[in-house]
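These are the residues of each chain, in order.
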Amino acid sequence: MSRFDFVLREVFRSVCRHGLMTVASVSTSAAALTVLGFVYVGALAVNQLSARVLDKFEAAAFTSKSVTANQLLRLRSEIQSMPEVKSVTVVTRDEAWERQKRNYSHIPYLSKMKNPLTDEIWVRVKQPEQIEIVAKRLRSLPGIESVSVPSGVLDRAIRVARLIRTVGIVMCVALMGATSLITSNSIRLSVFARRREIRIMQLVGATDGFIKMPFILEGALHGLLGAAVACILLGFGLNQTFAAVRQTAPFLQLPVSSLSLTNVYLGLVVVGAGVGASASAVSVGRFLRA
Amino acid sequence: MLAVFVANPMVKLENVSVTYPNGVQALKDVSVDIGAGEFVFIVGPTGSGKTTLLKLLYREETPTSGRVYVDGVDVGSLKRREVSELRRRVGVVFQDFRLLPDRTAFENVAFALHVTGTPRRMVRQRVMDVLARTGLAGREHSFPHELSGGEQQRVSIARALVRNPMLLLADEPTGNLDPNTSWEIMQLLEEIGAGGTTVLVATHDREMVDRMRRRVLSLSNGRIVGDVVQGRYSGEPV
Chain A
1 MSRFDFVLRE VFRSVCRHGL MTVASVSTSA AALTVLGFVY VGALAVNQLS
51 ARVLDKFEAA AFTSKSVTAN QLLRLRSEIQ SMPEVKSVTV VTRDEAWERQ
101 KRNYSHIPYL SKMKNPLTDE IWVRVKQPEQ IEIVAKRLRS LPGIESVSVP
151 SGVLDRAIRV ARLIRTVGIV MCVALMGATS LITSNSIRLS VFARRREIRI
201 MQLVGATDGF IKMPFILEGA LHGLLGAAVA CILLGFGLNQ TFAAVRQTAP
251 FLQLPVSSLS LTNVYLGLVV VGAGVGASAS AVSVGRFLRA
Chain B
291 MLAVFVANPM VKLENVSVTY PNGVQALKDV SVDIGAGEFV FIVGPTGSGK
341 TTLLKLLYRE ETPTSGRVYV DGVDVGSLKR REVSELRRRV GVVFQDFRLL
391 PDRTAFENVA FALHVTGTPR RMVRQRVMDV LARTGLAGRE HSFPHELSGG
441 EQQRVSIARA LVRNPMLLLA DEPTGNLDPN TSWEIMQLLE EIGAGGTTVL
491 VATHDREMVD RMRRRVLSLS NGRIVGDVVQ GRYSGEPV
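Chain order of the listed sequences is A and B. Using our numbering, the first residue of the first sequence is number 1, and each one after it goes up by one. Using our numbering, the first residue of the second sequence is number 291, and each one after it goes up by one.
For the record, the hints were derived by calculation from the structure and aren't laboratory data. Every residue, glycine too, gets a C-beta built ideally from N, C-alpha and C. Do not rely on the hints blindly, as some may be mistaken.
[Stated by the list, open to error] Heads up, incomplete: computed chain A residues facing chain B, CB under 8 Å, no partners named:
#1 Arg-196
#2 Met-201
#3 Val-204
#4 Thr-207
#5 Phe-210
[As the list claims (entries may be wrong)] In silico SDA-like links for lysine to any residue, alpha-carbon gap of 25 Å or less:
#6 Lys-369/B to Gly-285/A
#7 Lys-126/A to Val-88/A
#8 Lys-345/B to Asp-208/A
#9 Lys-369/B to Gly-209/A
[Claimed, not checked] Derived CB-CB ranges, DEER-like:
#10 Lys-369/B to Met-171/A: 38 to 44 Å
#11 Val-515/B to Leu-20/A: 50 to 56 Å
#12 Ala-290/A to Val-515/B: 33 to 39 Å
Here chain B stands alone, though its shape is the one from the complex (with noise of 0.2 Å):
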């Protein structure tokens, strides 16, 4: 089974290519559909295309070939402008967690809200809700280098939930995490998910997969070799 129907996606890409200038293809020929409100775990070897895909979500990334939909917006042929409403609309999380080392856990949730305009009064109720949503009450003090990797993740997911996205991608979120810390992310994330947000979580992290019994999208080569609903690492249905 090698595709997934969907009747209005949340997330839709046709027979999308990314060339890069040094002649990299990284992804050949992409077509899938991924409902509102689902989990969807990205896997596959280093290079098989899963970041260049959440990319081409956030619009850091132009499709080459093809179109990419989201939320029924073509985000390849968004101007500039419209690439920040996008952005306020999806929530990215990386590896590396991004947060800025001089601000406290708070600041750097706030920093999201307050580049995007939003009025200084509705700040602090927003930011405080997210961090409790997330985990977090009592740390909001706290700078990154206080927090530890697990917290540190948590702030960048809460940043980037603040402006409840309808789109959330994670690239690679328990990189960096030990086995147990990476659960807790990945139970964040499923709960996140449950409240209707779609959850994009691209990873290397076999076991976590095969434990949650979720909908695997398999790449390798810059295409999709797999598409289960309820699957595991390997591609394969549970």
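Next comes chain A alone, as it looks inside the complex (with noise of 0.2 Å):
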């Protein structure tokens, strides 16, 4: 326990010691922080814009005009239990009539004719990938007639959000790089201020954990104490975003829910010390092997 202490005092006095040099690197790893948040924010939303659009694509099962209420009954449930499908609706062929005159209520005869239409099963599908498997399993049921699947729009839409979700994570790896090459250097100008004491730790018989041990804690408070800052900043701007947004795009329904926030909150005060414990870790090791 007396080494903990013993540390934490160190770090205090440290901290203390080198103030400016911790707010240089508090402020500059909470810049990095933020903009970190921002670009994670701005891609989370639009990913969530882009799923919500690929969502909307579903399979239309017709079946055979001899297939009885009960038959529909079975293939609907028997649909429902595969692994990939997300939700069924059924639509009765009488349904469909209805819904077709009521459309085309400006044609007279469509309430003379005779109903040509079949049974509707829309099929929404849990993996947009995963729609022409489920697809080639509609054809094989009996029952069914004709299967049809928006495949050339549904390809273009998945690959474009796959697009959007690769330059997210490279944005957001590049940006932690960055942060931590910030962190790295001002624990190394810490490290160098407090050379004299590294070499009379080390010779006395410090063990080299021992003597990382503060600047580690030291990093991973710079990172806290950015990503806090960080939060701060990010939360008021995405209130006024949202604010700003909710005035002129009313209609957008913004996809970014409190819950998600809170995560990128701690997700951002975890970045922000992991990237500072280590990139600290790496600069004193460095110099110990010097």
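Combine the two chains into a complex, taking the hints into account.
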């Protein structure tokens, strides 16, 4: 316990003594983490929007006319039990005909016609990529006459969504790299400022781990404080953005819920502290081996 | 007489050579035994290899060839973790004291205990004891800049002693001190040696060496050119 006690004192001592450097390090990592937060939330929003678009795609299965109401119910539950299937909507041929007649009420002879339609089963899948597999399986079911899938459009939409996700991931990784570079640089300054102490620690037989500990904690603390500042900036910025969007484009439903924002804040804190700690571990380690 | 034989050496060098990356040969085929509890001067002009020899013993340097043993342990082959174990048992004192300027005498000595994980409740007593032993009672709250050169060197000796080392290495410990203060510091080192600690002192101080009549190991150009049990700076017996 006394070791930990001593280490904490050393961290406090260093933070106080190198106040200006601490401020510099915290504010640079705050800046990087803020940008990271905005990019992440942006990517999240675009991703959710594209997921919502993809979710609208469904396969339509049309039964043969001989299918009875009971058979239709059985088909429905069979499709429902497929693992890839998210939801099933059944439109009976009577309902479909009513809808058709309503939609085309300006064509008077429709009402005198016999119903030419079949029952329709609309299937949504969990993963848009699985829609072809599901369509194939639907086609093999007895009583299903044809299946239609919006393949071309869907393919393009999936590709765009993937691109968006990849770009988001690349940007986030790059920003995390930048944050760790900034933190490790300021820890290197702090190591340099305390080189006498470190050399004496080595001389009197302190282990590498013991010497590193205060710097790792200091790095984590810088990251943590930076993340706290970043969360405040991000929260404020997002509020402004949401307000502006609500005013100018109220029809656009913002997909970022408050729950996922809490996760973003937590994520920033964890990333900030983790990156700070590991960046300083690396730079002290390098100094000790020099 | 060029060699002193010792039964159970605290320090043993076997055909040790050290060549620095810039090509300078600091030690050339040096072999020597130093027994536990001995007090030995290492003398020689600047660049003769005195500091390198001491550095080998606390593993600041490793031999290019040959072997270095401290208390029977081959220190050249220690792993990083074992180096810190070695340094806890070997105290080192320098010409420039190497104290932390923003810590008091007490804190400077306690630092050596804290960073090696000594429980806090044991630190105070041990530091006060060693400060008393090095003649610094009452000076524990002074910062280095408030102390004289001799007192600063006492603090650095106290720091080296606080872990009760088996071996104490002093590299020009009186190089920055006036003759009277130097004599006092040397007396202190001798007292420490009398307590059973093996003491090696590298020095230029001809007068001091002649006066102390101790074993003298003379180095020149990286070679041992003299080893006398009771000697003078010149390498001649008393």
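Which numbered hints fail = none
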